[in-house]
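Build out the structure end to end from the sequences listed, making use of the hints.
Here the working numbering is used: the first residue of the sequence shown is 30, the next is one more, and so on.
Derived by calculation from the structure, the hints in this document are not laboratory data.
All C-beta atoms, glycine included, are put in the ideal place defined by N, C-alpha and C.
Watch out, some of these pointers could steer you wrong.
[Claimed, not checked] Derived Cβ-Cβ restraints for the label pairs, each shown as a range:
(1) 209 with 145: 16 to 26 Å
(2) 58 with 94: 23 to 33 Å
(3) 268 with 334: 18 to 28 Å
(4) 228 with 133: 24 to 34 Å
(5) 144 with 332: 48 to 58 Å
(6) 215 with 50: 21 to 31 Å
(7) 268 with 208: 48 to 58 Å
(8) 171 with 334: 21 to 31 Å
(9) 366 with 144: 47 to 57 Å
(10) 120 with 50: 27 to 37 Å
(11) 317 with 128: 24 to 34 Å
(12) 327 with 258: 35 to 45 Å
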Amino acid sequence: MDDLLVRLDLVLRGGAVTALAICAVIFLADRTQWPRSLSVPTLCVGLGAYLLVSTPSIGLSGTSPAVILVMMAGVVPILAVWAGAELFFDQPDYRPWHGVVATLVAASAWFAPAHLFVATVRGVLVVLLYMGLLYIALSTAADDLVESRRRFRRWFVALMALTGLGISLVELLRLDADLPPVVYPLHASVFLLLTILFLNWATRITDDLWPRQPAIKARLAADLSSADAAVLQRIEAAMAKDIWKQEGLSIAQLAASVDAPEHRVRRAINKGLGYRNFAQFVNERRVEAARAILSDPERADTPILSIAYDVGFASLGPFNRAFRERYGKSPSEYRSTQEPSKV
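So, in structure tokens, the structure goes:
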């Protein structure tokens with residue numbers, strides 16, 4: 030590469046690695062959110078390793094440190110999805126198959142350089158991972174009641190996922206063998222920009238980044254403006270009239286029913302009641318009603334599916350998950366634990 034491009038590449042990568050190190054230290058320092066907050070510094074370490082081995086400017090190719098760094102960089106897709114899930118979802122819904130995919134991607138990082146088939150399978154899996162992250166992050170944004178996080182995730186997660194997707198496609202199609210020299214500083218600048226943007230966001234919304242402690246919830250509720258307090262009263266009145274039974278109830282529909290802008294409805298529920306997700310807010314009412322039905326001896330023969338429909342769920346799966354999250358057991362298990370005289 031041209032000396033100027035090499036120097037520019039090194040400066041940009043040095044800046045990106047430094048920013049990643051600062052980010053890692055900030056998140057490590059907040060031990061109150063361990064272990065979920067560890068996803069961010071772990072990703073920072075992986076990205077730092079990736080930045081060091083993804084350019085000829087540093088000249089690590091073929092060295093012993095490069096082997097370790099390549100392995101660390103190989104799990105970046107998994108770390109990115111993990112960090113994205115922990116940052117933008119208060120209760121990530123991890124499934125067993127997620128672990129299987131993560132294991133395959135991590136294990137394939139060891140064998141991909143020497144086996145074309147393994148590299149291809151790994152590339153396809155990584156592409157699907159980033160596409161899945163992009164879809165989930167954008168499709169669930171409407172339910173996010175943390176306004177700063179909702180706005181940020183729309184473009185940041187999209188930019189992050191598209192960056193990962195683009196790099197993965199280049200590697201999958203074997204287009205990275207002879208890239209133009211100018212690509213490397215551009216590549217480094219993208220990661221530097223993403224890290225700075227993330228740091229700027231994360232350090233400005235410390236109260237909203239993770240689920241709040243009770244003291245913080247109380248303080249934020251006390252700071253609710255009179256206009257938002259009025260909206261909250263109308264929301265609670267609508268909920269008391271069982272609007273939550275409406276299947277597929279959205280924030281837009283609730284906002285229309287209380288004659289308030291969506292952003293005010295989000296803020297009122299988030300700041301006034303402490304909820305960070307609209308589905309959680311609505312589903313709590315639904316599962317409480319379902320629990321009452323399951324405890325009613327006169328409804329002992331009512332099918333679980335019918336109860337799910339009665340309280341506003343569109344299908345059994347979301348009902349089971351919401352009920353288990355609230356009470357630690359499935360609706361069927363809960364019903365079976367009632368006293369024999371009540372069944």
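Status of each hint after checking the structure:
1. 209 with 145: 16 to 26 Å: For residue 209 and residue 145 the Cβ distance comes to about 24 Å; the hint holds.
2. 58 with 94: 23 to 33 Å: 27 Å, holds
3. 268 with 334: 18 to 28 Å: The hint (18 to 28 Å, Cβ to Cβ) holds, given that residue 268 and residue 334 are roughly 24 Å apart.
4. 228 with 133: 24 to 34 Å: 32 Å, holds
5. 144 with 332: 48 to 58 Å: 51 Å, holds
6. 215 with 50: 21 to 31 Å: Taking Cβ atoms as reference, residue 215 and residue 50 lie about 22 Å apart, which means the hint holds.
7. 268 with 208: 48 to 58 Å: 56 Å, holds
8. 171 with 334: 21 to 31 Å: 26 Å, holds
9. 366 with 144: 47 to 57 Å: 52 Å, holds
10. 120 with 50: 27 to 37 Å: Holds - the Cβ-Cβ distance for residue 120 and residue 50, about 30 Å, lies within 27 to 37 Å.
11. 317 with 128: 24 to 34 Å: Since the Cβ atoms of residue 317 and residue 128 sit about 32 Å apart, the hinted range of 24 to 34 Å holds.
12. 327 with 258: 35 to 45 Å: Taking Cβ atoms as reference, residue 327 and residue 258 lie about 40 Å apart, which means the hint holds.
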